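Residue numbers (the working numbering), protein chains in the order written: chain A, 1 to 156; chain B, 1001 to 1783; chain C, 2001 to 2297.
Keep in mind the hints are simulated off the structure, nothing from the lab.
As the structure is a prediction and not an experimental result, all values here were calculated from the model.
Even for Gly, the Cβ is constructed at its ideal location relative to N, Cα and C.
Careful, some of the hints might be misleading.
Short derived list, chain A residues pointing at chain C, Cβ under 7 Å [claimed, not checked]:
1) 17
2) 21
3) 22
4) 51
5) 55
6) 94
7) 120
8) 121
Looking from chain B toward chain A, a few residues come up when the C-beta cut is under 8 Å (computed) [said to hold, decoys possible]:
9) 1024
10) 1038
11) 1287
12) 1417
13) 1615
14) 1617
15) 1654
16) 1655
17) 1706
18) 1709
19) 1713
Simulated restraints, written as ranges between beta carbons of each label pair [stated by the list, open to error]:
20) C:2071 - A:117: 50 to 58 Å
21) A:124 - B:1550: 48 to 56 Å
22) B:1191 - A:117: 37 to 45 Å
23) A:3 - B:1717: 44 to 52 Å
24) A:5 - B:1028: 42 to 50 Å
25) B:1512 - A:117: 55 to 63 Å
26) A:117 - B:1669: 53 to 61 Å
27) A:124 - B:1313: 23 to 31 Å
28) C:2240 - B:1145: 43 to 51 Å
29) B:1780 - C:2071: 51 to 59 Å
30) B:1178 - A:124: 50 to 58 Å
31) A:155 - B:1717: 16 to 24 Å
32) A:124 - B:1311: 22 to 30 Å
33) B:1718 - C:2095: 46 to 54 Å
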Amino acid sequence: MSVTRINLTVNGSKEVVDVPSNWTLLQMLREKMALTGTKNGCAAGECGACTVMLNGEPVNSCMVLAVECDGAEVVTVEGLVQDGQMDVLQQTIIDAGGVQCGFCTPGMLISARALLDRNPNPSADEVRAALVGNLCRCTGYIRIVEAVQTAAQASQ
Amino acid sequence: MATAQTKETTYIGVSKPRVDVREKVTGAAVYTDDIQFGAALLHARVKRSPHPHALIKKVDISKAKELPGVRVVVTGQDFPYFTGLYLKDRNIFARDRVRFVGEAVAGVAAITEEIAEQALDLIEVEYEVLPGVFDAVKGAEPGAPLLHPNLGDYEVPNFIFPVPDSNIANHFKVRKGDVETAFAEAATVVEHTFKVPHVQHVPIEPHIAIAQVDGDGNVTLWASSQSPFAQRNLIAKSLNIPESKVRVIAPLIGGGFGCKAGVTMETIPVAIAMKAGGHPVKFRLTREEEFYTNFVRQGLTAKVKVACDKNGKLTAIQNQMWWDGGGYTDYGVNITRAGGYSGTGPFNAPNIWVDSMCIYTNHPVGGAYRGFGMSEVHTGIVQVMSMLAEKAGVDFVDFLKMNVIQEGEKVLTGMTMHKTGIKDCIEKVAKEINWGVKDAPTAPNRKRGKGIAVMWKAPAMPPNAGSSALIKLNEDASVTVMVGGQEIGQGTFTAMAQIAAEAMGVPFESVKVKGPIDTQYSPYEWQTVASRLTWSMGNAVRNAAMDARHKILEVVAEAWGEDIENLDIKEGYVISYASEESISLKDIVVYGIPREGYNGWVGGPIVGSGSFMPSYVTGLDKETGQGDRAVVHYTTGAQAVDLEVDLDTGQLYIHRAVSAFDVGKAINPDLVRCQIEGGFVQGMSSAIFEEMRLVEGVMQNPSFVDYRIATTMDVPAKIDAYIVEAAQDDGPWGARGVGEHPMVPTIPCLANAIYDAIGVRVPNPPLSAEKVYLTMLDNGVVK
Amino acid sequence: MHNPHPGLPELEYVKPASLEEASAFLVAHKGEARPFLGGTDTFVRMRDGFWKEKYLVDIKGLDGTNVITFDPAKGLTIGSAIPMNKVSAHPDVKKNYSLLAAACDTVASYQLRNRATIVGNICNASPAGDTIGACMAYGGVLTVFGAGGVRQEPLATFFKGPGKNALQTGDIVTAITFPIPPKPHSGRYMKLGRNKMSDLSIVGVTVLAYKDAAAKSGYTFKVVLASVAPVPFMAEAAQQILAEEPVTEESIGKAAEAAMQAVKPIDDVRSSARYRSYMVRNLTRQALSEVWQQVKS
């Protein structure tokens, strides 16, 4: 099986990585770059725990081949903290009580960040629709939806 | 025994922020799969049985061993010892017989996960297929194929009652009064048989464990675990080595809900690592394996018969339960016991008959699941009470208030009920949901209804399940609390920090409670299950904090020549009410205090220790289920919903859910509300969507594609959570647990509301749109 | 026993420079190579061991696959590699083909729709494909680059059975094209899943209606049904009733009954055939009523 050298930007850093052709973006992030904030929950594009931003849009990183990411720009949950400052969503999800076990949280935050980037003032229904691909078994979702709306208001 | 306190508190009953969240929102939190092991790491995969029931005639691993990259192949022949949390009926790998589809037959470790996977195809297993048991009721009948012919020889604690030469792994009985006469003389009798399907826990983090064995045979296991100490014990048993040779390290866990308690897959990497020459071996379940090889919530068939007098006062309760235990019931036998000793639900009647039987079947293995049998039991008992109330012409809320268990009454096992706020819970949810008022539907093609349900649940555990805690003081006067209970999302580290801060008199912010739990360094905790930590571990932490506090005050008393009774610790300072002196802990908790004129020193590094174990739980008579005190306590509560049924599709629209639980004392009210909300949604999800579709033992829907759980779009806009506090006499500040309870009443609550809406009962979950629609169709509600 | 690989099995990733090269590779490695777009189905089936091809040929970015264009005279062309979110957010799609945008938004989750494509959805030929109904109702035609050159494949004859379509080895769908739709028109996609959103459809009913002087009733209604037959199909009897009889609550009910009679659903893990049948009737009636309210005013 071939190994391909790709160039990409991850959380603002330029990277050169050799990846086997059957590796997913998720595997590359976790196993080559130790960016373990992105979680493996199903490897089938269903749970959303592995959601990252690929060229500005959220994707299930288990559903993208690493070799497809040559030249791409990737942002993971680790990239939401900039210059030591958390994203407003990270604070509002804490304040709302939207974190329990925390395993869905990184993917949830990426989906929410992508939503606010494209729709700075979403309704509760729009937030719910944007997060439908991020399964959470602990919180019951309501506080997470509230946290996204609070973040939207805080950013206005 | 700690006693409830009434004095003013600083950190108890206060919604302090969680201590574990910053790392969780930044991706820095370390879960088991995040630990990096480098190039030495081997990856394990498991050869699984495709048959629900078969004899193993031959396992040939020779070809698999030859595959380049494969390092270890093991089978059941390598590991002859039995293990199990209650009933010791399991081996690590099947030896002579497989009893469920997906059972481990052989294990492989290779340099990549994919090579290990390829090696599985090279393992040849010859089976002789046997007839299976796929229905618990039939499995209990004489003549059913026997799954465990040696059941009578298995090691079992004295409160589990297997029936040798049958598939009945435990038969728990309650016999009180005379139900037959009561039924004959009753004004109203209702009987109904309920079926609850198998469901899965679905933590978002699948099971994962990494094991390493050194040259002296010392085992280290890193696992996503609710039970590092129980796992140490069970793994040692299964390998026939002393506990001290096993070290379990449990980092943060991405959801457990019971399936990461006891032992499921964790012994497998250990077994493989024993032959891996010091290499660490990682084993991670795929999501699909998570569905059908992991512990499941057992299926239940419950035949419930109840009676009341002309006023609606209960006279008799009979509940006969057949639990579908699966191929092994090492944990399931105690769910059956819990189902039995709580088999009336929170209802009181003079005449009671309960049979709770755990039946071996060729289905996936039953284990703990949030509620530990109570969701299943309440599905039947609460619905049947609702039917009885209607038939007797009594409003259900009035019926509940008349018949729920009260302080001072004897519960079904003979124990005297302690103080309970269940009536307050009922009144609260009835008021909030506007009980008795029929609200109009929001659209012409919908019908609207309300439902209410009550619940109780006791921690289900051995009578002597213990907790312990250590507290050490650091140079900067910060306080490190060491515990063996796990942070599984419920917020226990935060609650323990509050308890330690309150008991010691130090600022909350100065207290650190952190994982990983490590059996080598952390103090003992039985398991993070049963909603027992706030109460049991909370007592241990409180005792440890009081111990540390006392040691500090002793030092200061000696140094200052004061009576210890005049000293106190407030916000990190020792103060004297007599001399009005004060001194910062920072100056004294590690280095001590110099005597006057530096004539020597008093004190030294302060370490406090505390433990807690209930000492009062008694056994129950095998034939009558009677005894002084079956359990430590019952947490009670009530739930109500207001929903609509879409007449075109059968879909449910839940407008509002209201819950109230008596938690004794909420250490952190907001975290309690988080449990109540999340628990309702998990209960709702299991009630509406979830079912393991088992056909001849094969799960038909082992993926998120076809095992649906609630998403953001399925939950009500608002879930109201109310806290009732009737103090627990031996809880820290009166607290008792509430982690599991919020999902217990949800199935009957929704079923009652659907009935109220459409006038036809859909008794058995899942209360899917399809089932609701077809029930309406078959009963003429729609055409 | 369903026991997929933990990750993707061993495979080779092929990124051809041109359609010609891609097609030639697929022909040369017949049975061993498969074109892929977003991969959202491909990767799942490869993990499952259901597809065992050695080569995955990435056709994203090849000539014409990456553009979406609207010509007010000719219509809409969507390159095969355009993810669904780009389609549903495109102003010309929203304005002129709103039914297609709405159908896209019902597929799985937002993050999956950043990879999933309409052409991929069509080529999988799933009986449950959510966007297929809208594509059929709008008269979609596939542009196929194959060994014999470029050809057009109308959707009406494209589906041959569950997972089976009219493509041959070496064929690559580069785009789907839609004519200018009738103005004004009204469309509705009613999707019923087990969850309120994100599930596969148990039943998918697509309805599109517009004023049509050629029809006896003065209106044309198109009704496409998914998940209730081996392939998505036009419910012609239902369409005919509403073309010939005055459109009323009664004739809509009759058309919905006709739709129900036309389906051949199966029992599976998602739903019983019986429930599917009734849902076809009820959702078709709802969808027809809704579009009728809009199109008549």
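* Asked: Is it true that residue 1178 (chain B) and residue 124 (chain A) lie within 50 to 58 Å of each other by Cβ?
  -> 56 Å, holds
* Could you see if the CB distance from residue 5 (chain A) to residue 1028 (chain B) stays within 42 to 50 Å? => 29 Å, violated
* Would you say the C-beta atoms of residue 1780 (chain B) and residue 2071 (chain C) sit inside 51 to 59 Å of each other? -> 55 Å, holds
* Asked: Under the criterion of a CB-CB separation shorter than 8 Å, is residue 1713 (chain B) in contact with chain A as hinted?
  -> Check passed: Cβ of residue 1713 (chain B) comes within 5 Å of chain A, closer than 8 Å.
* Asked: Does residue 55 (chain A) pass the interface hint, meaning its C-beta sits closer than 7 Å to a C-beta of chain C?
  -> 9 Å, violated
* Starting from the range 53 to 61 Å, see whether the pair residue 117 (chain A) and residue 1669 (chain B) falls in it by beta-carbon distance. => Cβ of residue 117 (chain A) to Cβ of residue 1669 (chain B): about 35 Å, so the range 53 to 61 Å is violated.
* How does the Cβ-Cβ distance of residue 3 (chain A) and residue 1717 (chain B) compare with 44 to 52 Å: does it lie in that range? -> For residue 1717 (chain B) against residue 3 (chain A), whose Cβ atoms are near 50 Å apart, the range 44 to 52 Å holds.
* Do the beta carbons of residue 155 (chain A) and residue 1717 (chain B) sit within 16 to 24 Å of each other? -> 23 Å, holds
* To do: Would you settle whether the hint for residue 1038 (chain B) is holds or violated, based on the nearest Cβ-Cβ distance to chain A being less than 8 Å?
  => Violated, about 11 Å.
* Go through the hint on residue 22 (chain A) and say holds or violated, using the shortest Cβ distance to chain C against 7 Å. => 4 Å, holds
* With 7 Å as the cut and Cβ atoms as the points, is residue 94 (chain A) at the interface with chain C? -> 23 Å, violated
* Asked: Does 55 to 63 Å hold as the CB distance between residue 1512 (chain B) and residue 117 (chain A), or does it fail?
  -> 36 Å, violated
In terms of the numbered hints stated before, the structure departs from hints 1, 5, 6, 7, 8, 10, 12, 13, 14, 15, 16, 17, 20, 22, 24, 25, 26, 27, 28, 32, 33, listed from lowest to highest.
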